[in-house]
Amino acid sequence: MDVPGRKLFFDTGYFRLSYFERLVIKAILMALVVCGITVSIVFLSGPFKGFQMLGLLGLIFLLDTIVSQFRGEQSITSKVLRQSETGSVFINHFVGWKTFSLIDKAFNRSESHSAPFVLAVCAELIHTGEIKYGLQRLGINWRELVVAVETKINNTSVPAASFDGVREDITAGRIAQCESLVVQGFLEALDMGDRTVSYFALFLGLFATKNSDLMGILTKLSVTRDDIKNATISSRLSKEIGGDIIRQRGLAAGRFKKSHRIMNRAWTARPTPYLDNVSEDLTDSARHYRIGLLVGHKESYRQMLAILSRDGRNNALLVGDEDIGRNTIVQHLAFNVIKDNVPEKLFDRRIVKLDLGLITSGAQTAGEVQERFKKLTDEIIRAGNIVLFIPDIHNLKFTVGGQEMGGLEILAPVFDAALIPVIGTTTPKLYRSIIETTQTFRDLFESIQVEGLNQQEATQLLVYEAYALERLWKITISYPALKKIVELAERYFRARPLPRASLDLLQETLAEAQQRGQKIVLPELVVNLVSRKTNIPLEATTQREAIVLLNLEQEIHAKLINQEEAVKAVSAALRQYRVGLSRDKGPIASFLFVGPTGVGKTELSKVLCGLYFGSEDTMIRFDMSQYQDDKSISAFIGSADGMITGMLTEAVKRTPFSLILLDEFEKSYRGLLDIFLPIFDEGYIMDAMGEHIDFRNTIIICTSNAHSTYIKDQIDAGKTIPDIQGNLKSKLTEYFKPELLNRFDGIIAFRQLTREEIRKIVVLQLAKLKKQIIRTQNIDMNFTDGVYDFICQLGYDPVFGARPLQGAISLQIKDPLARYILEGKVHKGDSITVSVENGDIVFEKQ
Amino acid sequence: MRRSSLLLKKLYSDRWPRALSQFSLWYNEGVIDIIVKQIIHSGTCFIKRWYVERTLWFWSRISDTIHLMDRHFAVFINIKLFFTPLYGDYSFMGKLLGPLFRVWRVSAGLALYSFLCIAAAAFWTGYCLFIPYLIIKIIT
Numbered sequence: 001m002d003v004p005g006r007k008l009f010f011d012t013g014y015f016r017l018s019y020f021e022r023l024v025i026k027a028i029l030m031a032l033v034v035c036g037i038t039v040s041i042v043f044l045s046g047p048f049k050g051f052q053m054l055g056l057l058g059l060i061f062l063l064d065t066i067v068s069q070f071r072g073e074q075s076i077t078s079k080v081l082r083q084s085e086t087g088s089v090f091i092n093h094f095v096g097w098k099t100f101s102l103i104d105k106a107f108n109r110s111e112s113h114s115a116p117f118v119l120a121v122c123a124e125l126i127h128t129g130e131i132k133y134g135l136q137r138l139g140i141n142w143r144e145l146v147v148a149v150e151t152k153i154n155n156t157s158v159p160a161a162s163f164d165g166v167r168e169d170i171t172a173g174r175i176a177q178c179e180s181l182v183v184q185g186f187l188e189a190l191d192m193g194d195r196t197v198s199y200f201a202l203f204l205g206l207f208a209t210k211n212s213d214l215m216g217i218l219t220k221l222s223v224t225r226d227d228i229k230n231a232t233i234s235s236r237l238s239k240e241i242g243g244d245i246i247r248q249r250g251l252a253a254g255r256f257k258k259s260h261r262i263m264n265r266a267w268t269a270r271p272t273p274y275l276d277n278v279s280e281d282l283t284d285s286a287r288h289y290r291i292g293l294l295v296g297h298k299e300s301y302r303q304m305l306a307i308l309s310r311d312g313r314n315n316a317l318l319v320g321d322e323d324i325g326r327n328t329i330v331q332h333l334a335f336n337v338i339k340d341n342v343p344e345k346l347f348d349r350r351i352v353k354l355d356l357g358l359i360t361s362g363a364q365t366a367g368e369v370q371e372r373f374k375k376l377t378d379e380i381i382r383a384g385n386i387v388l389f390i391p392d393i394h395n396l397k398f399t400v401g402g403q404e405m406g407g408l409e410i411l412a413p414v415f416d417a418a419l420i421p422v423i424g425t426t427t428p429k430l431y432r433s434i435i436e437t438t439q440t441f442r443d444l445f446e447s448i449q450v451e452g453l454n455q456q457e458a459t460q461l462l463v464y465e466a467y468a469l470e471r472l473w474k475i476t477i478s479y480p481a482l483k484k485i486v487e488l489a490e491r492y493f494r495a496r497p498l499p500r501a502s503l504d505l506l507q508e509t510l511a512e513a514q515q516r517g518q519k520i521v522l523p524e525l526v527v528n529l530v531s532r533k534t535n536i537p538l539e540a541t542t543q544r545e546a547i548v549l550l551n552l553e554q555e556i557h558a559k560l561i562n563q564e565e566a567v568k569a570v571s572a573a574l575r576q577y578r579v580g581l582s583r584d585k586g587p588i589a590s591f592l593f594v595g596p597t598g599v600g601k602t603e604l605s606k607v608l609c610g611l612y613f614g615s616e617d618t619m620i621r622f623d624m625s626q627y628q629d630d631k632s633i634s635a636f637i638g639s640a641d642g643m644i645t646g647m648l649t650e651a652v653k654r655t656p657f658s659l660i661l662l663d664e665f666e667k668s669y670r671g672l673l674d675i676f677l678p679i680f681d682e683g684y685i686m687d688a689m690g691e692h693i694d695f696r697n698t699i700i701i702c703t704s705n706a707h708s709t710y711i712k713d714q715i716d717a718g719k720t721i722p723d724i725q726g727n728l729k730s731k732l733t734e735y736f737k738p739e740l741l742n743r744f745d746g747i748i749a750f751r752q753l754t755r756e757e758i759r760k761i762v763v764l765q766l767a768k769l770k771k772q773i774i775r776t777q778n779i780d781m782n783f784t785d786g787v788y789d790f791i792c793q794l795g796y797d798p799v800f801g802a803r804p805l806q807g808a809i810s811l812q813i814k815d816p817l818a819r820y821i822l823e824g825k826v827h828k829g830d831s832i833t834v835s836v837e838n839g840d841i842v843f844e845k846q
Numbered sequence: 847m848r849r850s851s852l853l854l855k856k857l858y859s860d861r862w863p864r865a866l867s868q869f870s871l872w873y874n875e876g877v878i879d880i881i882v883k884q885i886i887h888s889g890t891c892f893i894k895r896w897y898v899e900r901t902l903w904f905w906s907r908i909s910d911t912i913h914l915m916d917r918h919f920a921v922f923i924n925i926k927l928f929f930t931p932l933y934g935d936y937s938f939m940g941k942l943l944g945p946l947f948r949v950w951r952v953s954a955g956l957a958l959y960s961f962l963c964i965a966a967a968a969f970w971t972g973y974c975l976f977i978p979y980l981i982i983k984i985i986t
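Chains as they are written, first to last, in our numbering: chain A, 1 to 846; chain B, 847 to 986.
Here chain B stands alone, though its shape is the one from the complex (with noise of 0.2 Å):
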């Protein structure tokens, strides 16, 4: 028998009535036990959802956002192509043209998937300390 259940059994067997203590004895053998194993549960998972599971979702969602958008701004193949002119114009100007209309490119492209970056750790952050806020709050 559980140690709970045997302080709550003398507790009533101490200072109840039999009948009560009887039904109480019933109560400890499992129910209150499968209850507060419940209630410690749900809150146990409710910490592991809210900053584990949420968080690797939600970076992974970013994570998708970020290569959706690049086969539109295509940031990573100019990247990796930085040096290899426009238009396959091997010529002077070509060779020249061709890295700097990149930087651009690349720049815009950077500057945009940061802000997404910045935007969703600020984001984030806010997410991780609301609940440290809450508490925080109540106790204050």
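So here's chain A without its partners, still in its complex pose (with noise of 0.2 Å):
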């Protein structure tokens, strides 16, 4: 078969044989190796020599062939990769035994049962422990496919051919099925780094085939080839590795003794011990209990490597966030320096980790600090053999009261002389503030950016933590899971990089299922946490919240009046959201509400809230006439000295999933609104401290009255809303900026209210009024269709659109009422019914 760039071959003979053919060829194998066996041992334990020694040599023979067999007779070496690329292999050398037996297997079912070959293949396979296995740490239903595949295979079979041509045609299909099948699992063999052509190797193949019935089968129940194949990566290697995880936990735990070794292995040392009573010896570590995995972070290895490996200037800093990795970068390096595997510059070298707070400890005077400092650094390059590490190197410049204590001073010669490597760490904002303001320091070393993990390498990781932390909460973390971890820990959690933020989503997972009593961990369970650290609907829809959702036009108009526009769009935005078709970047949705005062902009941001985000109170609201001047972008978002904390930042910190409402957008500062170009494109703002504020989990409504009365001469025209949106947005550049503008999802306009509309708000307000009065004096209050058309009348006023109604309510009917009620003239559980008389509101005890 070729395949792109290669030549693969695999013998089919066997298979164009009968089955009862086949079956001969394995029975007289059989036989032969059983006799030859027999044979051999009975001329092994004869009387002649010259016998023993055939027997000898047969048994040898026969039992390495055996052997040999079952581990497939050649292994897939980096010869036969290359060999692979440019001449042709024979695949058969590399399928063993127990590969070849499952093949053949399948395809006895396959034509006996005239099933799908690929089907049969299968069918066989998941049945086999390894894939079994396997397939439940993916956390699929195993039963559920074994039980869709055998579904399958009896719905698909073939019909029998009553014709030979037919039969051998379908016969010929099988045999090419094989073939593809088999190079394709030699193929993925090949990339995996495996000995021989595998089950695993040959369950990869499977969705190379492209067969539409299984892939069908498997779409369905969410098994992925990239998944399955990086799962077997991973637990293969775990299975190296995790052992090392557990035995670096132990060296954390104090639970092991580490020798030191205090001369180098060329005796050219000298031994340090002011320096090995104030540091820690990474290379004893590595030597005893292998630290320093590396996970990620290529680049910024070598790039250290490639600093401390110059003759000059030879000092690396590392600039990174906690937890991000730093120290294990420095770790690996010991790792490497023990086994060789370093340039020649730091061959034989001890790694240091020195800890400033011993030397310094007790200290009165930076004189006598510097003393200390003064002999470490002697000691150091006497040795000779030392690359200093030093974590948080920017306490050099520390102070104690308000005095420097002069380490820097010390050590800044010797590093500038490139007497001895040294390594620091710092964060990227101290690396600013004391660093980079410190010309000494800032000269001395070559800075090296350590980014966070990607999603890909920080699955890897906790892939290695899963298997130790499987062993001592003994519960199983299937793959998903981690995967959903890492994908949560970095959209939601984003104060700590990765890997910290899932390692600890994973622990906190963890204890979440055991206090559960669950034996697996499923991706749901992590959702479902997640969920409630952060108040975001993340779980699949229920069927309650569904029925809210497709009908939140309907549950809004019975609380809002008209402004079908409005009503439409953010509806459709969140049913959008929560099936989690929003767009990756940027808020929910963003819209910017405009119209004339009194129509219902605000009123319908407080319905949506009340109805899908809790509560009305749950509002994150600024009036942004208010923030009129420079000053106001701290008030939103905190100064830079921690001594302003910003209102809208630390609002969407508390709660990432909420509404905001930012009425009379275009009385504020016009420099404040520069701050939302960034939240309504990539849906995240830094704020003063440089912290990750993300929005994405908001909805954003601005209000404004710009331009209503243009949008109320265009109404009165007889134009509609759609005619007037195009126009309304180029003129609205008169007050706000174009890219503002064309950032928010939806410009709408509000249109006046009908004499009629404002009726059915009186209806609501009073039908809200009568709710109040049950449940505050349980009076029940019926009003006549007069009181409507009444305070539709003293409340109706097209320029201040539904707003006078409130005070309309509250003078003829609130008061009144509050003075029958003070006057002892209704009682609790009383009925009245208010109506008007003569142009007053009466009312009237049941």
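There may be inaccurate statements among the hints.
Taking lysine-lysine pairs in the DSSO-like style, the calculated list, with each CA pair at most 30 Å apart, reads [what the hints assert, rightly or not]: (1) A:LYS345 / B:LYS894; (2) A:LYS79 / B:LYS941; (3) B:LYS883 / B:LYS894; (4) A:LYS519 / A:LYS239; (5) A:LYS49 / B:LYS894.
Some chain B residues near chain A, calculated using beta-carbon distances under 7 Å [as the list claims (entries may be wrong)]: (6) ILE880; (7) THR890; (8) THR930.
Pairwise CB distance ranges (calculated) [what the hints assert, rightly or not]: (9) B:SER909 / A:ARG195: 18 to 24 Å; (10) B:SER953 / A:PHE90: 47 to 53 Å; (11) B:VAL949 / A:GLY87: 47 to 53 Å; (12) A:PRO271 / B:LEU946: 52 to 58 Å; (13) A:GLU299 / B:SER953: 40 to 46 Å; (14) A:ARG313 / B:SER909: 34 to 40 Å; (15) A:LYS519 / B:SER909: 42 to 48 Å; (16) A:ARG313 / B:VAL949: 25 to 31 Å.
Hints are computed from structural coordinates only; laboratory data are not their basis. Glycine included, C-beta positions come from ideal geometry on N, C-alpha and C.
Join the two chains into one complex using the hints; note that each chain is given alone, in its own frame.
Structure below.
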């Protein structure tokens, strides 16, 4: 079979024979082996020397052959890899007996039951222990998969052919599929670095056949090739490395004693008694318990190695956030030093981690500290084989009683002369504030930016950690759950970088599983936990929630009159968000509601908040007319010195899933509006302290009265809202920057309310009042139609919309009712009718 | 049709009843081919495994063992730094004692490695000669 760039052969001569012939071959070979072994044993135990030798030779040959058949006659080595790219490869030698038997069994089944060959192979493979365990680790319902495959086999059996020609075609097709599958399995084995074509390689090869029946089943059960491949590779590696992680934990917990090697192997160094008291030798740890497993950070490690190997200015500074892996990079160096896997300059060195606290503890004056540092540096220079690692190196500048302790002054000339290679670590903030501002410090080191791990790397690390944690907690963690942990940690816990955020979430998930008595952690548990921690609805919609979302427009209109365009827009945005169709970047949605006062812009936000976000009180609301100077920016996002906390950023941190209402948007300070550009675009903003604030789970509604007159005139001229949207946007550039307007998901015009609509609002408001009175006074109120008309007449104003209604209701109904109650004319449990007589509101007790 | 099959076919059709010759013909077409091929292949692979693969494996293990031992005995490092004084002592005595000490250490290390290599070579030679020895013993 020709694969692009390769010639791969799988001899299918065996499969071209009939079932009976294949059986005869197996029987004969088995008989030959059994006879051979028996005869060899008989000869070996016989009296004749020649026959004994013959028996021994026979036994060696047969046992060796049997073992190689089990393991695969040949191994897939780098030579085979090269050969597969340039010449041809005969694959049969790389298929072990187990795998060949499985293929044979599947072929027999396919032949005898006229079943599709690929499905028959799948059915055999999923019954093997390895594949079954692997599928269960992926959280896949194994029984469901078995039933699905068996059902498909039974339903798609090819009908028995009555003509020889057709039968031959079917057989030829089956053989071609067999060859194709084994070749694909070989390629997968090559890719995974397997020794022979294993069950897993064959299973991955099934995906490459692209059999529609099989793909349908696997896709439905969320079985993907990449997941299986990554999970297989990861679990194999974790078995090798997981033990080291357990030992590392033991080392950290002090359960192991490490011996300290004073002298280097070349005996050119000198002892360092003072240094040994104020430091930790990482190469000792590496020598015994293998610290420094490094996942990711390859480029940072390579840069560090290059800097340390230089003749001059060989001091490296790792700049990155806490828990991002800076210390691990240095530990990995220690590990490579003991394996002699470093450049010559670093050969046979000790990597020593200095504890600045131990050096400076108890020192009263700067002079004392300087003496200690001098003693330290002299010892290190004399030793000649030390690479000094100083974590949080910015502490060299720390002060006591307002005075600098002087560590930097002593060390600077030593570092500058490149007498000792030095590795330091610091955070970006402290680098900018302390190191960059000190020229001495800045010039001594070459900085290396250490970025967080990406999702794939973090998942890989989590697989290793999971191996150790599973033993501790006695809980199995499925691979999809690990992926989900990394995904959600990166998205919702950005305060800590990967992998720290994901490691913490993993621990919390295990605790949660233990509390619930679960033995396997599935993605659903992770989603549930994160959803509760962040108050963001991450789980799939329940039926109840689905009903609410599907009828959201009706629900809103039960409390808000008209403004269909706006209601439709916000409802659509929420539905898309809950099923995962909203855009990855940006908030759930951002709207600019433009219209005259009192037409429902703010009311819509309140109703939506009450319906979907819990209650109206959870709404984050800002009256932007109060922020009209440049100090407003600090009020919203905080100040760099931390003295002012940002109201907006803190509110979103507390309640990441919320509705943000920015009233009177056009009245705010112009510079303040610019902070919303990245929020609407990317869905996040950095506050004044540099913290990442995530707005991706918020709906942002801005209201404005800008150009209400234009809207009114257009409506009066007979235009509809959709007609005026286009022109409205260009007119709004008088108030807002075009780049800001462009970032809104919708700019929706609100029109004036008609008298009929005002009457409907009156009905709603009085119904609300009725509920309030029942709740507070247990008095039932009934309103006649006359009351609605009366209040509508008083409260209607085309300019001010529905705003005067509140005043009218308060003056005409609430105040007289309050007097009525206080005068004792009505008591709890009574029922009153409110009507209009001679232009006045009248209360009549029933 | 293969030559062996043709010969066998001729043999059987000349010497045996028709039914049996048909039966034999059917067998000749593939079954015996595969069995014979498998037996020959097993034999050649055995020789290849015994001499080529195992030799490569054995000597790579010996090489790894020596590298591992050198992490403790540091023979090659001491050869490289032969004239470097011990403990950074660059005085006259230090420069004198350094090579003297290293001579002893390098010699001891090399002797150990040599012993290991000789033992390995002896074992490997015995291993290679084992099969011919058996064959000779069988013949004689």
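We went through each hint and held it up to the structure:
With a C-alpha separation of about 43 Å, the suggested pairing of LYS345 (chain A) with LYS894 (chain B) is violated against the 30 Å cut-off. For the proposed pair LYS79 (chain A) and LYS941 (chain B), the alpha carbon gap of about 49 Å is over 30 Å, so the pair is violated. Proposed proximity of LYS883 (chain B) and LYS894 (chain B) is supported: the alpha carbons are some 16 Å apart, at most 30 Å. For a cut-off of 30 Å, the pair hint linking LYS519 (chain A) to LYS239 (chain A) stands: about 20 Å separates their Cα positions.
Taking the CA atoms of LYS49 (chain A) and LYS894 (chain B), the gap is near 27 Å; set against the 30 Å cutoff, the hint holds. Because the closest C-beta pair between ILE880 (chain B) and chain A is about 6 Å apart, less than 7 Å, the hint holds. With its C-beta approaching chain A no nearer than about 10 Å, THR890 (chain B) sits outside the 7 Å limit, and its interface hint is violated. Satisfaction of the interface hint for THR930 (chain B) is found here, the shortest Cβ-Cβ separation to chain A being roughly 5 Å, below the 7 Å cut-off.
Against the hinted window of 18 to 24 Å, the Cβ-Cβ separation of SER909 (chain B) and ARG195 (chain A) comes to about 21 Å, which satisfies the hint. A hinted range of 47 to 53 Å for the beta carbons of SER953 (chain B) and PHE90 (chain A) is consistent with their spacing of about 51 Å. Separation of VAL949 (chain B) from GLY87 (chain A) is about 51 Å and conforms to the stated range, judged on CB atoms against 47 to 53 Å. Look at PRO271 (chain A) against LEU946 (chain B): about 21 Å separates their beta carbons, and that is not inside 52 to 58 Å.
Between GLU299 (chain A) and SER953 (chain B), the C-beta spacing of about 45 Å keeps the proposed range 40 to 46 Å intact. The hinted window of 34 to 40 Å between ARG313 (chain A) and SER909 (chain B) holds, with their beta carbons roughly 38 Å apart. In this structure, LYS519 (chain A) and SER909 (chain B) meet the distance hint of 42 to 48 Å, their C-beta atoms being roughly 46 Å apart. Distance hint check for ARG313 (chain A) and VAL949 (chain B): the Cβ-Cβ separation is about 38 Å, which falls outside the suggested range of 25 to 31 Å.
Consistency note: the structure conflicts with the earlier hints numbered 1, 2, 7, 12, 16.
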